[in-house]
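Chains as they are written, first to last, in this note's numbering: chain A, 1 to 319; chain B, 1 to 319.
No wet-lab data here; the hints were simulated from the structure. All values reported here derive from a predicted model rather than from experimental measurement. Take these hints with a grain of salt, some might be off.
Same chains, same label: a pair holds when it works inside one copy or across any pair of copies.
[What the hints assert, rightly or not] The calculated DSBU-like cross-link candidates involving lysine-lysine, where the alpha carbons are at most 30 Å apart (straight line), are:
#: 1; residue 1: LYS80; residue 2: LYS296
#: 2; residue 1: LYS298; residue 2: LYS16
#: 3; residue 1: LYS16; residue 2: LYS222
#: 4; residue 1: LYS260; residue 2: LYS92
#: 5; residue 1: LYS92; residue 2: LYS285
#: 6; residue 1: LYS59; residue 2: LYS229
#: 7; residue 1: LYS206; residue 2: LYS260
#: 8; residue 1: LYS3; residue 2: LYS80
#: 9; residue 1: LYS212; residue 2: LYS108
#: 10; residue 1: LYS108; residue 2: LYS285
#: 11; residue 1: LYS296; residue 2: LYS92
#: 12; residue 1: LYS236; residue 2: LYS222
#: 13; residue 1: LYS206; residue 2: LYS92
#: 14; residue 1: LYS212; residue 2: LYS236
Number of protein chains: 2
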Amino acid sequence: MEKKLIGVDLGGTTIKFAILNEQGEIQQKWSIDTNILDEGTHIVPDIVASINHHLSLYKMQPEQFIGIGMGTPGTVNLEKGTVIGAYNLNWKTTQNVKQQIEEGTGIKFAIDNDANVAALGERWQGAGNNATDVVFITLGTGVGGGIISNGEMIHGLGAAGEIGHINVQPNGYLCTCGNHGCLETYASATGVVRIARDMAEEFAGKSTLKQKLDDGEEISSKIIFDLAKDNDVLAKNVVGRVCYYLGLTCANLSAILSPKYIVIGGGVSAAGKFLLDQVTDYFQKFAFPTVRTSTKLKLAELGNEAGVIGAASLALTFK
Amino acid sequence: MEKKLIGVDLGGTTIKFAILNEQGEIQQKWSIDTNILDEGTHIVPDIVASINHHLSLYKMQPEQFIGIGMGTPGTVNLEKGTVIGAYNLNWKTTQNVKQQIEEGTGIKFAIDNDANVAALGERWQGAGNNATDVVFITLGTGVGGGIISNGEMIHGLGAAGEIGHINVQPNGYLCTCGNHGCLETYASATGVVRIARDMAEEFAGKSTLKQKLDDGEEISSKIIFDLAKDNDVLAKNVVGRVCYYLGLTCANLSAILSPKYIVIGGGVSAAGKFLLDQVTDYFQKFAFPTVRTSTKLKLAELGNEAGVIGAASLALTFK
Numbered sequence: 001m002e003k004k005l006i007g008v009d010l011g012g013t014t015i016k017f018a019i020l021n022e023q024g025e026i027q028q029k030w031s032i033d034t035n036i037l038d039e040g041t042h043i044v045p046d047i048v049a050s051i052n053h054h055l056s057l058y059k060m061q062p063e064q065f066i067g068i069g070m071g072t073p074g075t076v077n078l079e080k081g082t083v084i085g086a087y088n089l090n091w092k093t094t095q096n097v098k099q100q101i102e103e104g105t106g107i108k109f110a111i112d113n114d115a116n117v118a119a120l121g122e123r124w125q126g127a128g129n130n131a132t133d134v135v136f137i138t139l140g141t142g143v144g145g146g147i148i149s150n151g152e153m154i155h156g157l158g159a160a161g162e163i164g165h166i167n168v169q170p171n172g173y174l175c176t177c178g179n180h181g182c183l184e185t186y187a188s189a190t191g192v193v194r195i196a197r198d199m200a201e202e203f204a205g206k207s208t209l210k211q212k213l214d215d216g217e218e219i220s221s222k223i224i225f226d227l228a229k230d231n232d233v234l235a236k237n238v239v240g241r242v243c244y245y246l247g248l249t250c251a252n253l254s255a256i257l258s259p260k261y262i263v264i265g266g267g268v269s270a271a272g273k274f275l276l277d278q279v280t281d282y283f284q285k286f287a288f289p290t291v292r293t294s295t296k297l298k299l300a301e302l303g304n305e306a307g308v309i310g311a312a313s314l315a316l317t318f319k
Numbered sequence: 001m002e003k004k005l006i007g008v009d010l011g012g013t014t015i016k017f018a019i020l021n022e023q024g025e026i027q028q029k030w031s032i033d034t035n036i037l038d039e040g041t042h043i044v045p046d047i048v049a050s051i052n053h054h055l056s057l058y059k060m061q062p063e064q065f066i067g068i069g070m071g072t073p074g075t076v077n078l079e080k081g082t083v084i085g086a087y088n089l090n091w092k093t094t095q096n097v098k099q100q101i102e103e104g105t106g107i108k109f110a111i112d113n114d115a116n117v118a119a120l121g122e123r124w125q126g127a128g129n130n131a132t133d134v135v136f137i138t139l140g141t142g143v144g145g146g147i148i149s150n151g152e153m154i155h156g157l158g159a160a161g162e163i164g165h166i167n168v169q170p171n172g173y174l175c176t177c178g179n180h181g182c183l184e185t186y187a188s189a190t191g192v193v194r195i196a197r198d199m200a201e202e203f204a205g206k207s208t209l210k211q212k213l214d215d216g217e218e219i220s221s222k223i224i225f226d227l228a229k230d231n232d233v234l235a236k237n238v239v240g241r242v243c244y245y246l247g248l249t250c251a252n253l254s255a256i257l258s259p260k261y262i263v264i265g266g267g268v269s270a271a272g273k274f275l276l277d278q279v280t281d282y283f284q285k286f287a288f289p290t291v292r293t294s295t296k297l298k299l300a301e302l303g304n305e306a307g308v309i310g311a312a313s314l315a316l317t318f319k
């Protein structure tokens, strides 16, 4: 019988699980809440218990699985399978994740960080069409990324794919990393709102967005994109500026990596074709002529499932 | 007996050859002029003849070689071993280089473009210390580059490593590629002179560089760097601007690739430590904190031999 893969997507509020076949099709999925109490010491035992419980419920044996793959916040040591600095999990010290999960389940285990794992998912089963060279950019609270070249994840010394910290505007907005002008400060959900507040100050015309900001209403990147779609002038300017920086970044990533696809995902990308078209316009403007036609910008296709699918793909290394 | 490698560095004026052992040490080297007459049709036959002549002179057999590797201008099809668009060789149509050389010498043949091959050379035997993740930037008439990640050259769809065409200044100088603000327009030998002419126009103080420019003297990037070392204020400002763009680019490459080394070579890098220190200062300013300490900027060490050494390393694939 064909062996299966288990994918685990560890997040700050939920842990998602899925069982997939080797072709990457999800056959079963479930989830549990993340218990971050007691410095996150319950998390790994909970994962082990949930997998074992699920397997016994469906009368499955460890031998039926190629392996378990997991995406996690924090900094991952790939060889050792340890994680450090996952602050949203309350993990303050190095966690021996691989050892605990392999001992607890009897199944081989591989791990990478969540942005990389989402990139692997989109590349394998989503917008990446399983191409050998794919860049994934995720626009959420922050901006993250993952880069696949020659069919392999690029880690470098560990910090590869920090697309949110590409400097797009020297002396620009202050970033959480301490630098000024990182892409994240313009193209994350909070960055979009920040641009709106800034541009509103100098905006004199008629704009619902301006009015909402002046009235002290709570503004989100979704509201801004929706208003832009409704032709609000200020909102359109804000979106234009976000897309300018994203298009510039995509152009530079293409000159460096010459990927087949740059896939844009995450919450902000819910703006869909409206976002993609404008980013593509700026990409076309800034890109080196050769890559202008060879690299294609796409929206992510897997949504929340990119994590478990990409995580499961890590286990293919045990085949 | 240990088998050898042959490295060929094909340039617009000279073709360099070297025989290396598997450890990458050059044991013999020679060169011939590049004959670009008759649409460059003599080039490949000349290479074949020169290799065969050298082998017979030293009583060596094709079986004693693992393979031949070559770096070439133009766009390379790696699988087919063909080259197109090498205008400085007068090659206007697709050249079946691999087929002709393998048939002519009886030795296996691999090929890549010259910037990639120089990157492989510096990584293998030069400043790259044979690390798995190395970025190479060459500052010459243009700005080129090569990226090695996970121990492999990154080609993507073919245009990877076009570091000279990273956009560092939207709406900046017009580049030969048609875009504005490519790194090449600021950090190539011609770019340095262009910055000097621009800054001289608005410069009011005392400067030998300013005087030379006003007198219509021929100015080179070497003259500018030499004057900057001699404390010429304008020349120092010009070098500062070049290093600003280079440091910014190195910072962004590090956020994307997290390499162990970024190696800077090519004619402009002859300015040595004077250049490197200033580029490093800007790199430190712009780099994501994690890579600020992990990625190290270095000067290239192999000079002209990077080409033949890197070319030879291509043939290691036939081991």
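Now the hints, each set against the structure:
1. LYS80 with LYS296: Between copies only: 25 Å across, 36 Å inside.
2. LYS298 with LYS16: Answer is within; shortest intra-copy Cα gap is 25 Å, inter-copy 44 Å.
3. LYS16 with LYS222: Within one copy, since 25 Å is at most 30 Å while 59 Å is not.
4. LYS260 with LYS92: Result: close only across copies, 27 Å inter versus 38 Å intra.
5. LYS92 with LYS285: between (45 Å within a copy, 28 Å between copies)
6. LYS59 with LYS229: This pair counts as neither: shortest intra-copy Cα distance 51 Å, inter-copy 75 Å.
7. LYS206 with LYS260: Result: close neither inside a copy nor across copies, 42 Å intra and 52 Å inter.
8. LYS3 with LYS80: So LYS3 and LYS80 pass the 30 Å test inside one copy only (25 Å; across, 38 Å).
9. LYS212 with LYS108: neither (53 Å within a copy, 69 Å between copies)
10. LYS108 with LYS285: neither (47 Å within a copy, 42 Å between copies)
11. LYS296 with LYS92: between (40 Å within a copy, 28 Å between copies)
12. LYS236 with LYS222: For LYS236 and LYS222, only the intra-copy Cα distance (13 Å) is at most 30 Å; the inter-copy one is 47 Å.
13. LYS206 with LYS92: neither (49 Å within a copy, 57 Å between copies)
14. LYS212 with LYS236: Within one copy only: 15 Å inside, 49 Å across.
Going through the hint list in order, the structure does not satisfy hints 6, 7, 9, 10 and 13.
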